[in-house]
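Build the complex: two chains, separate frames, hints provided.
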Amino acid sequence: MSGIRPVTASPRPGGGVGASGPLRRFVIASQESAVWHTRDFAPDVLWLDPLRTVDAAALGPLQPPNEGPADTAVPRWAVYDCAEVPGAVIGFLRTPVCSADDPSLDFLSLVLATPLAEPGAYHLYGLTVRSEGPEGEVQSLRLRTLWSAMDLLQADRATMVFPWSSPVVRGLPTLGTVEILAADTPLHGPVPAPTLMLYGAATPSPRRLDPPAYRFSPDSPELSAVLNRLRDSIESGRRFLLREPDAASEGGTLAVCEVAHDL
Amino acid sequence: MICDEPLDLSRHELLQRLEPFVVAASWRYPRLNLRPLGKLIPTANRYDPLCSASVRFLERLVRLDRLTFGPEGMPMPEWLFVDGSALPGVISGLGLRAREMPAAALQHLGFSAWPEELIPLAMYIAVPVRWPGVWYGHNLASLNRLLPELELRGLATVTKALGLRVMRCVEQLGATQWSSKALHVHTHFGPLELLTAWTPAHGNPATLTYRLRVNDRAIARALSGERPAPAADERFWIEASDTSAIRALEARIERGEHYAVVGPPQQGPGGAPRVPVARFTPAPAASAGAPARCADGSPPDRAPASAAHRALHP
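Chains as they are written, first to last, in this note's numbering: chain A, 1 to 263; chain B, 1 to 314.
If you're looking for bench data, these hints aren't it; they were derived computationally from the structure.
Heads up, the beta-carbon is just placed ideally off N, CA and C, and yes, glycines get one too.
It cannot be assumed that every hint is accurate.
Between beta-carbon pairs, the in silico distance windows are [what the hints assert, rightly or not]:
#, chain 1, residue 1, chain 2, residue 2, range
1, B, Pro-148, A, Ala-73, 29 to 39 Å
2, B, Glu-116, A, Gly-237, 19 to 29 Å
3, B, Pro-42, A, Arg-207, 36 to 46 Å
4, B, Glu-254, A, Arg-39, 10 to 20 Å
Some chain B residues near chain A, calculated using beta-carbon distances under 7 Å [stated by the list, open to error]:
#, residue
5, Arg-31
6, Leu-40
7, Gly-84
8, Pro-88
9, Val-127
10, Arg-130
11, Leu-195
12, Gly-203
Some chain A residues judged to face chain B by a derived CB distance under 10 Å, without partners named [said to hold, decoys possible]:
#, residue
13, His-37
14, Asp-55
15, Ala-57
16, Asn-66
17, Leu-124
18, Tyr-125
19, Gly-189
Looking at chain B on its own, in the form it has when it is part of the complex (with noise of 0.2 Å):
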């Protein structure tokens, strides 16, 4: 039995265009939404990392990985990725199917493949924080500029906005640079409310750490390619380059203070990029995830039962 997803949105071009896929430990599969959006995830498009079958691919989920972070020097050793994100967490993405794509698109991304096979072209990785529903979204991946020709624009905000719905997220964290496009994406789904804004412990101090509360709304919203409205009456700039400003900011939010991105990056006067950040009144926690609702409750629809869910559901 398949769940309903309340809200459907599988009309979207890419949702129409692209597959779905998940991976996830077996056991994992009765928490997840195997329907998000409005569009199922075939059974044979759902992996498990731990059985040998899933090899392939996710050896193209590390490719995926390394094609879009390796050139800004974070990618992902292919342990790492078993450890970090697909033994703990679930990934969740949307490809085509490699008949389906140009031979030289295969090339350029190094893909040999037998025409039936899923090619990954995006993907969304996210390990829990608390449970449920509280996950640490940490790799949006997309091939959307190396693949012009594919007219796949927006395709990260989709990945995006189909993972939320898969982990069942209300509420997800992330980090990303002052300076990284990625905030064009995130910023889509609705303020960014600031955690730190300057980050030490990360590799990147520039880096920021945001809580996204997620709702319906706010995805229906970002698929459609609306902005939230942006809160102007306070709304100051952070030049992405401006470590003096960023720590400014990172010493007032550690004050108690409560600050927010409240919308994309954008050129400032000297062409540099900029930020807009703004006073923010968190809302009060957001609710714990509701339980899947099946039409008629029966369980949500499962992986095969392996040893290691029933490891984990004695």
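Bound-form chain A, shown alone (with noise of 0.2 Å):
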């Protein structure tokens, strides 16, 4: 843990990711995960291994919430089977420490990820922003999460499940090309939401057909009646994208377009 120095987290994609300044990024990773062996690509990156006492008893202050409702609270055994050992949790920390030791090590943001059985893909989930700055500052710092984990962990994809109606889902085409695996993730809580699938930067992609064939708002009383029409269309074997909200979209109004078959 010698040497970690601060600092200043570069521009993203989609621009304008906020937070800017000096910002210490951390991965709490087994020496088992495949993201662990990435570390000397990451030398700015604080790294703790949950294997080890000295490094977990730091572990505290970077939980996400593991007390209160069910629909947010990660048990903690749960971060540790699912993510920090075979996977990674991936965040900022809120100051930039210099060591595991450092009195005022709390994160900031944080993501789990725990790897899918296919190489280089990961799903990402429990995404938790600790920020009272305005709306815009916060919505950045939850992209930049993203995108930072998708960096650390090289994956070329990743699956995540947000509500229709987050920001995250609004934000995520700014990051890449975002497909929809599912309309309403079965099971996954009382609110619509989607299955998503982040496409990397450098990962070849689906090409998209416009115009959309779907535009609604998450807040809209037909929203169950689209996302059925949705779910069947994915479920017959079509696939959509989620096109980036252009800037005269009212309303949080998403449009959803239908991959070309050229691929």
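Below, the structure written as structure tokens:
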């Protein structure tokens, strides 16, 4: 853990991903995980191994909320079993600390990553941002955290599930091509939430057809009917991409385009 | 086409009585062994967690988890069942058709079901660690103890064996408490090389993290009910409640010494459970999982290609 210096995170795709200034990234990952072996490529990152007691003792403040409603709290065992050992927990520290012994170790944002069975692919979830700043800044941190995870994991694809009403869904297409794998993820909760796949910048991704096949607002009373149609289309084998909202979109309208058949 | 399974244990009594099932994203099926232990997983028993038709069965798996782990205070919220299990990983298990179960048993489980519905009685959940062949098993649920009238002795061991084969697992990591009865099952498959003995990062620090090298012989032996021969020479005992001994063992592990749990827990002289541990020489890293072997060289069996499948295999 020596030689750790504060860094200024570089701009990310999509531009304007705020929270500029010195932010230190951290990774909690075991030596068993694939990501551990990429640490030489990220010497500016604080790496913590949950299998070692000295590091584990520092993890307390770096935990996602594990108390509270069951729809938000992540049980401690699950963080360990599903992310820290097989995958990683990745995020930004609140202050540019210099070592794991720093008493101010505290996270500003984090996301859990579990490998998929396909090389280079991960599932990201439990995105948490601790900021009382304006929504624009919080949104920037969310996206920056996801992108940072993709970067550190060297992921070429990542799946994730967020409610349609989440700002993350609107912002995700600024990071790359986003495919909708499920219109409403079964069992995920009472709020409709798609399963999305974000393609890494260097990964060939499908081409979209314009104009959009669907336009809808997550607040619309017709949402359920639209999602049922989208679900049926996806389950019949058609593919859809989430389009980046254009500046003229009103009321949080989302646009979904079908994938061109040339791939 | 269905791939060959070199290890045919399909005549095992539980594998003859029960039906196997698997839950995995549709694009993952080509990587799975769909004839684990020589027992074909029928197409109807292959569920895609992103498909709306799977909801009812997924709900039953959540119920199975709660019946098993709810009393221990470690049940999985539904969203976590998706995010931490079904979507990234593989769930496999064994069940019975509702018509084959006593009505009282269904009532006990809180299931109302049509006669032809598959009722899951046990499942094993694992997520990948490294590609290919290294998995982290984080849930082994069995209703054996809740349903003694079904005489499912050994169900957890068979379920774990099945899961390891479905995933083509060559190396399995896992974590369990020193006091857990699950050690009886895990040690059936061989020595559990200790990665941690004392685990502050887990919710319960008195948790051990282990590595299990998986091979055909160990699986066959586990299903036969035999146990690996104990390494009696250097064996010593760790009492499940002796945190000082557990922490001392952790310190030795972190100094680079290698230890393994080499047998099931036993009752110590004072009646408290204790676990046999021995010095351990790690084997070279297991080779990657062999690719599926198909009798006629055709691609492995797969679920119908979905949009998600094509996304991962453009």
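Comparing the hints with the structure gives:
no.: 1; hint: B:Pro-148 <-> A:Ala-73: 29 to 39 Å; in the structure: holds, 34 Å
no.: 2; hint: B:Glu-116 <-> A:Gly-237: 19 to 29 Å; in the structure: holds, 27 Å
no.: 3; hint: B:Pro-42 <-> A:Arg-207: 36 to 46 Å; in the structure: holds, 37 Å
no.: 4; hint: B:Glu-254 <-> A:Arg-39: 10 to 20 Å; in the structure: holds, 19 Å
no.: 5; hint: Arg-31; in the structure: holds, 6 Å
no.: 6; hint: Leu-40; in the structure: violated, 21 Å
no.: 7; hint: Gly-84; in the structure: holds, 4 Å
no.: 8; hint: Pro-88; in the structure: holds, 4 Å
no.: 9; hint: Val-127; in the structure: holds, 5 Å
no.: 10; hint: Arg-130; in the structure: holds, 5 Å
no.: 11; hint: Leu-195; in the structure: holds, 6 Å
no.: 12; hint: Gly-203; in the structure: holds, 4 Å
no.: 13; hint: His-37; in the structure: holds, 9 Å
no.: 14; hint: Asp-55; in the structure: holds, 8 Å
no.: 15; hint: Ala-57; in the structure: holds, 6 Å
no.: 16; hint: Asn-66; in the structure: holds, 8 Å
no.: 17; hint: Leu-124; in the structure: holds, 9 Å
no.: 18; hint: Tyr-125; in the structure: holds, 4 Å
no.: 19; hint: Gly-189; in the structure: holds, 5 Å
Figure legend: structure checked against the earlier numbered hints; the only hint not met is number 6.
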